[in-house]
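Listed below are the residues making up each chain.
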Amino acid sequence: MADTDASRESGLLAPNAGPALRRRNRYQIRLQIIGMAAIGFALLMLVILVGSLIASGYKAFTQTHLTLDVFIDPAEIQVERLPRGGFDDVIETALLKKFPTVEGRAETRALTDILSNGAQFQLRDRIVENPSLIGQTIRVTVPVSDRFDQLNKGLVDRSTPEELRQVKDQAIAWFDQLKQSGAISKPLNWALLTNADSRFPELAGLKGALVGSFWALLVCFVISFPLGIGAAIYLEEFAPRNRFSDLIEVNINNLAAVPSVVFGLLALAVFLGWFGLPRSAPLVGGMTLALMTMPTIIIATRAALKSVPPSIRQAALGVGASKHQVVFGHVLPLAMPGILTGTIIGLAQALGETAPLLLIGMNAFITSAPGSPLDSATALPTQIFIWADSPERGFVSRTSAAILVLLTFLIAMNALAIYLRSKFERKW
Amino acid sequence: MNDMRKVERDVDAREVKISARDCQVWYGDNHAIKDVNVDIEEKTVTAFIGPSGCGKSTFLRCLNRMNDMIDNCRIEGTITLDGQDIYDPRVDPVQLRAKVGMVFQKPNPFPKSIYDNIAYGPRIHGLARGKAELDEIVEKSLRRGAIWDEVKDRLDAPGTGLSGGQQQRLCIARAIATQPEVLLMDEPCSALDPIATAQVEELIDELRKDYSVVIVTHSMQQAARVSHKTAFFHLGNLVEYGETGQIFTNPRDPRTESYITGRIG
Ligand SMILES: Nc1ncnc2c1ncn2[C@@H]1O[C@H](COP(=O)(O)OP(=O)(O)OP(=O)(O)O)[C@@H](O)[C@H]1O
Ligand SMILES: [Mg+2]
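Protein chains in written order, with numbering that gives the first Met the number 0: chain A, 0 to 427; chain B, 0 to 264.
In isolation and in its complexed conformation, chain B is listed as follows (with noise of 0.2 Å):
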C-alpha cells in the first residue's frame, strides 16, 4: 500500500461542498440507504467503497438527483449542495445535473460525432454564443479530459468509434464541458485496461483542483491512490468515513476492517 501516499493529502478542513442528513432511500420496500450523514468537501476526491449491493451507486445518484428516473425510489432526509436543498422543489433538477456532472461505470458516449458529444451539454444549457465560442468550450473540455490530442483531428468522427479507455475520456470531457461544480463517477475505471485506468486516474487528480470528484470504485488500491476521503458502505449504512489514510492503515470499525483486508466482500 505504497502507492497510497502518491497523492499528499493535507489535512486541513476545506469547505463543505455537499451535506447529506439522514438520508434514507428506498425501492419499493427495499431500504436501500439507511440514515447517511455525510459531508463532502470542495476540491476534494472522495471515494466511496464497499461491498456489491451496499448502496454505494444509489447514494451517489442521490447527489444529483438521477433516482428521481426511478419509478419506485422514494428519498428522505436532505442533501444541500453549497447550503441549498438539493430536493427542494424549487430546485430544477436540470439545472442541478448541469452542476453535478455524472460519469457512468459504462462509457456511454452518444452515438454522434466526437464534437457533438462535448457540445452537447453547453448547447442545451446555452453555455456559448456562436460556434467559435462553442469550439473553444469543446477544446478546452478535451484537453481537460486529457484526450485533446488523441482525437483533435477526427472531430467529426462518432465518439462510439472510439476504444473504451478513450471513450470514458470523452465522456468526463463531456460531463467536464457543462462546468459543473462537482463530478459524481461511478466505477469509472470497471471497464477500462490498467493503461487507459492509469490515465483515468492521473486526470482525475488533475480534475480535483477545480472540482469535488466523487469516485465509487471497487479497486481498493484505486481508492488509495487518488482519493483524500473514503467512505464505507456496508448493508445501506455508512459505516465509517474519513481520511484515506486513516481509513486503510488504522480503520476504527471492525466491518471496515474486514472489508479492507478482504474477509467481506
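So here's chain A without its partners, still in its complex pose (with noise of 0.2 Å):
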C-alpha cells in the first residue's frame, strides 16, 4: 500500500518525469509558434494587398474642379435650340478671359486643354434644367482634364524633361496661377460612384458596373436560390441512397470545382447561340452566375440540413408529423441560417465572378447605366478588367479605387454572412 502511495507521488513529480514533460511543453509551443506565424503571414499579405490599394487608390476619391464665371451668351445658346449650343465655347471663353495674354489657334487649344471634356455637359444639364440663366453669368465647377488632375494630386514629376512630359511647362504655369488665384478645388469625387464609364478617367464612374452587378446578382439569386434549396432538400431528405444518388452527388460536387470560365464557355455556347439571349445582358451574366452558386448553394444547404440533429426529426415523427411536415415545419427552418450563410457567401463568389462575364461581352464599353437586366452592361470586376487595361494615366488609381469598392461590397456581405450565423446560433 505504501508502495503504490510512493509510486503514484513519483508518478507526478518524478525527476524522471521532467524531460518527456518539457518535450511536449516544448512541441506544444513550437505549434503555436507555427500557427502565430502561418496566421500572421496571411495578415501580412492582406495588409499588404488592401495598403497598396488605398495607397494607389485613395487619390481616385477626389477630383481636381476648376471654378470659372461662365457668361451665359444669348449669343451662343438659345432657348428654343436646347440642348444644343455652343456650351464649349462659353465656357472656353470664360477661361481665356483669365489669361488675356494667350493668343492664336494653338496656344488657345493648349489652354482650354485644362477644362475636361465633360465639363460643357455638365454646364449644359444645368442650363437645360433652369434656361432661365441664359443671359447670366454663373460661378460653374467643372471637372479637369485627366493630366491637370494628375498634376494637381502631384503624380507628374515637374523634373521630367519638358519634351518627355504630356503637361508643358506653359500649361503648368497656366495651371499653377489658376490654383493660386483659388479657381482650383480637389472636393469628393462624387462622379466615381455615379457616372457610368468614360473614355476620360475625369468623368468615368462605377454607377453602369454596380447595377450591373445588382441586376446580375438578382437574377443570380432568383435562378440559384431555390433551385438549389430544392435540390438539396430532395436529395437529402427524400431521395433513395442509391448508386444514382451517389452519382449526381459527386457531379455536383465536381460541379462547384470547375473553372468559372468553363461556365462562360457553356452560357456563351447555350444562352447566347441557342436561345439568342443578348449580349453583354445582366440576365445572362446572372444566369451564368446562378450555374456556378448552384454547386455551392446546394452544398451548403445540404450540410445545414444534415446538421439539424435527429432528435428533432424523430420528436416530429414521433407526434405523427409526415415527411414533408417534418422537413418543411421544423428541419428546413432549422437549417435557414446556414442555407442563407451559404447562399450569400455564394453570391458573394458570384459578385467577384470576372472570366465568365468577359465571356459573354460584360467587358463592353457602355458609358451609361443599364435600364434593365437586358440591357448591355459591365459588371463590377469586368470594369475593373476594363480600367486595368485603359492606357490612360487616371485610370490606374480608379482601378485601385474600383477594387476598393468591390471589396467593401465583399466584405460587407460575409460580414451580413457571419451576422445572421451568430443571430440565430443554435437553439438546440
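For the record, the hints were derived by calculation from the structure and aren't laboratory data. Mixed in with the good hints there might be a few duds.
Straight-line alpha carbon distances no greater than 25 Å define the calculated PhoX-like cross-link-like pairs of lysine-lysine that follow [claimed, not checked]:
id, chain 1, residue 1, chain 2, residue 2
1, B, Lys130, B, Lys98
2, B, Lys111, A, Lys322
3, B, Lys111, A, Lys305
Here are some chain B residues the structure puts well away from chain A; computed CB gaps all over 10 Å [unchecked claim]:
id, residue
4, Val15
5, Gly27
6, Asp34
7, Pro88
8, Arg89
9, Arg96
10, Gly100
11, Asn107
12, Trp147
13, Asp148
14, Asp192
15, Gly241
16, Gln245
Cβ coordinates follow ideal geometry from the N, Cα and C atoms, glycine included.
Join the two chains into one complex using the hints; note that each chain is given alone, in its own frame.
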C-alpha cells in the first residue's frame, strides 16, 4: 500500500518525468509559434494588399475641379435650340478671359485642354434644367482633364524633361496661376459612383458596373436560391440512397470545382448561341453566375440540413408529422441560417467572378447604366478589368478605387453572413 | 426490492392492445430481433429490460413504425394494434403514430414555445377547432404531463429553456396531446436526476389509467417500481415475459436470473 502511494507520488513529481514533460511542452509551444506565424503571414499579405490598394486608390476618391464665372451668352445658347448650343465656347471664353495674353489657335487649344471634355455637358445639363440662366453670368465648378488632375495630385514629375512630359511647362504655369487664384479645388469624387463609364478618366464612374452587378446578382439569386434549396432538400431528405444519387452527389461536388471560364463558354454556347439572348446583358450574366452559385448553395444547404439533429426529426415523426411536415415545418427552418450563410457566400463569390462575364461580353464599353437586365452593361469585376487595361494615367488610381469598392461589397456581404450565423445560433 | 409492491398488481387478464407474432428485424445482415411474440395489454405498464444492444429500442420502434425511417431496416412477422395489422400497406404510419405516441431517451422539445410544442400535434391532426379548443388541449396535456404549474405563466417561453426533467415532462405532455392510446417510452429517465425521475415515474403511474405504457429501462428498480409486466430481451430474443413480480422474484429462465442479479449486462 505504501509502495503504490509512493509510486503514485513519484508519477506526478518524478524527476525522470521532467524531460518528457519538457519535450511535450516544447512541442506544444513550437506548434503554437508555427500557427501564429502562419496567421501573421496571412494578415501581413492582407495588409499589403489592402494597403497598396488604398495607397494607389485613395487619390481617385477626389477629383480636381476648376471654378469659373461663365457668361451664358445668348448669342451662343438659345432656349429654342436646347439642348444644343455652344456650351464649350462659353466655358472656354470664360477661361480665356483669365489669360488675356493667350493668343493664337495653338495656345488657345493648349489652355482649354485644362478643361475636361465633360465640362460642357455639365453646364448644358444645368442650363437645360433652368433655361432662365441664359444671359446671366453664373459660377460653375467643372472637372479638369485627367492630365491636370494628375498634376494637381502630384503624380506628374515636374523635373522630367519637358519633351517627355504630356503637360508642358506653359500649361503648368497656367495651372499654377489658376491654383493661386483659388479657382482650383479638389472635392470628393462623387462621379466615381454616380457616373457610368467614360473614355475620360475624370468622368468615368462605376454606376453602370454597380447597376449591372446588381441585376446580375438579382437574377443569379432568383434562379439559384430556389433551385439550389429544392435540389438539396430532395437529395438530402427524399431521394433514395443508390448508385444514381451517389453519382449526382459526386457530380454536384465536381460542378462546384469547375473553373468559372468553362461556365462562361457554356453560357456563350447555350444562352447566346441557342437561346439567342442578348450579349453583354446582366440577365445572361446572372444566369451564368447562377450555374456556378447553385452547387455552392446545394452543398451548403445539404450541410445545414444534415446538421439539424435527428432528435428533432424523431420528435416530429413521433407526434405523427408526415415526412414533408417534418422537413418543411422543422428541419428547414432550423437549417435556414446555414442556408442563408451559404447563399450569401455563394453570391459574394458570384459578385467577384470575372471570367464568365468576359466571355458573354460584359466587358463592353458602355457609357450609361443599364435600365433593365436586358440592357448591355458591365459588372464590377469586368469594369476593373477594363480600367486596368486602359492606357490613361487616371485609370490607374481608379482601378484601385474600383477594387476597393468591390472589396467593400464583399466584406459587407460576408459580414452579413457572419451576423446571420451568430444571430441564429443553434437553438437546440 | 420492497418498493416493488408500490404498484398494486391486478392479476386479472386485461384486453390485449398490441400483439406481435414472429416478429423479426434485420439491419442489413444484423438480425436484431428474432421471433418475438408478445401481447401488450391495455391500461398496463409494460417494461422492456435487457442488456445493452439486445434490441429493446428496436422492438419498441417497431410498434409505431419509426423503423420505417431507417434505410436498411427490414421487418417481418405481424404486429397488430386492436387486431389491425399496423404494417398493412393501407395503414398510414402518420395516423398510427398519432395513436401510438413516443417519448425518447433524450428530451427533445422543438425549438419553439412551450405552447407550440404541445399544440403542434393537435394542429397537424386537426384535433382542435379554433383557438379556444386548442388552448384547452394544451392546458389539459400539460396538466396530465404534471408540468402545468411550472410553465403556465410562460407558455411563450422556448421549450428548450426548461430543465432536463421539465423538458422530458413537456415531451410526455406533447405525446399525450395527440390523444394516443399507447405511449412508448425509450429510457425516458436516463437523462434525469432522481427527483425528476420520481416525478416522471409518478406520472407514468398516473397515465396507465388511460393508456398502455411501454417503457424501456436500464434500471431494474424502475421496472420493478412502475411496471405490471416485464419483458426480458437478450441478444434479440424475448427470453421471458410475465408479471413483474414473478420476473423479479422467481424468474424461470436462468438468463433472466443472471441479468437481474447483475451477472450479465
Ligand atoms: N439504426 C440502426 N442501424 C443499424 N443497426 C442498428 C440500428 N439501431 C440499432 N441497431 C443494431 O440493432 C441492435 C439492437 O439495438 P437497439 O438499439 O435496439 O438496442 P437496445 O436494446 O435499445 O440497447 P440500449 O439499451 O443500449 O439502448 C444492435 O446490435 C444495434 O447495433
Ligand atoms: Mg436503446
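Does the no-contact call for B:Gly27 survive, Cβ to all of chain A over 10 Å? holds, 13 Å
Compare the distance between the alpha carbons of B:Lys130 and B:Lys98 with 25 Å, and conclude whether the hinted pair is satisfied. Roughly 23 Å between the alpha carbons, so the hint for B:Lys130 and B:Lys98 holds.
Minimum Cβ-Cβ distance from B:Pro88 to chain A exceeds 10 Å: Non-interface label on B:Pro88 holds, nearest chain A Cβ at 16 Å vs cutoff 10 Å.
Chain A versus B:Asp34 - minimum CB to CB distance exceeding 10 Å, so not interface: B:Asp34 clear of chain A: closest Cβ-Cβ about 27 Å, beyond 10 Å.
Cβ separation check - B:Arg96 to all of chain A, threshold 10 Å: violated, 4 Å
For B:Arg89, which was marked as not at the interface, is the minimum beta-carbon distance to chain A over 10 Å? Holds: least Cβ distance 16 Å, greater than 10 Å.
Taking 10 Å as the cut and beta carbons as the points, is B:Trp147 off the interface with chain A? Given that every Cβ of chain A is farther than 10 Å from that of B:Trp147, nearest at about 19 Å, it holds.
With 10 Å as the threshold, tell me whether B:Gln245 passes as away from chain A on beta-carbon distances. holds, 32 Å
Measure nothing beyond the straight line between the CA atoms of B:Lys111 and A:Lys322; if it is 25 Å or shorter, mark the hint as holding. Distance of about 19 Å is within 25 Å: holds.
Would the non-interface assignment of B:Asp192 survive a Cβ cutoff of 10 Å against chain A? Holds: least Cβ distance 20 Å, greater than 10 Å.
B:Asp148 clear of chain A by more than 10 Å, beta carbon to beta carbon? At roughly 23 Å from the nearest Cβ of chain A, B:Asp148 sits farther out than 10 Å, so the non-interface label holds.
Verify that the Cβ of B:Val15 lies farther than 10 Å from every Cβ atom of chain A, and report whether the claim holds or is violated. holds, 23 Å
When the structure is compared with the earlier hints, violations turn up for hints 9, 10 and 11 and for no others.
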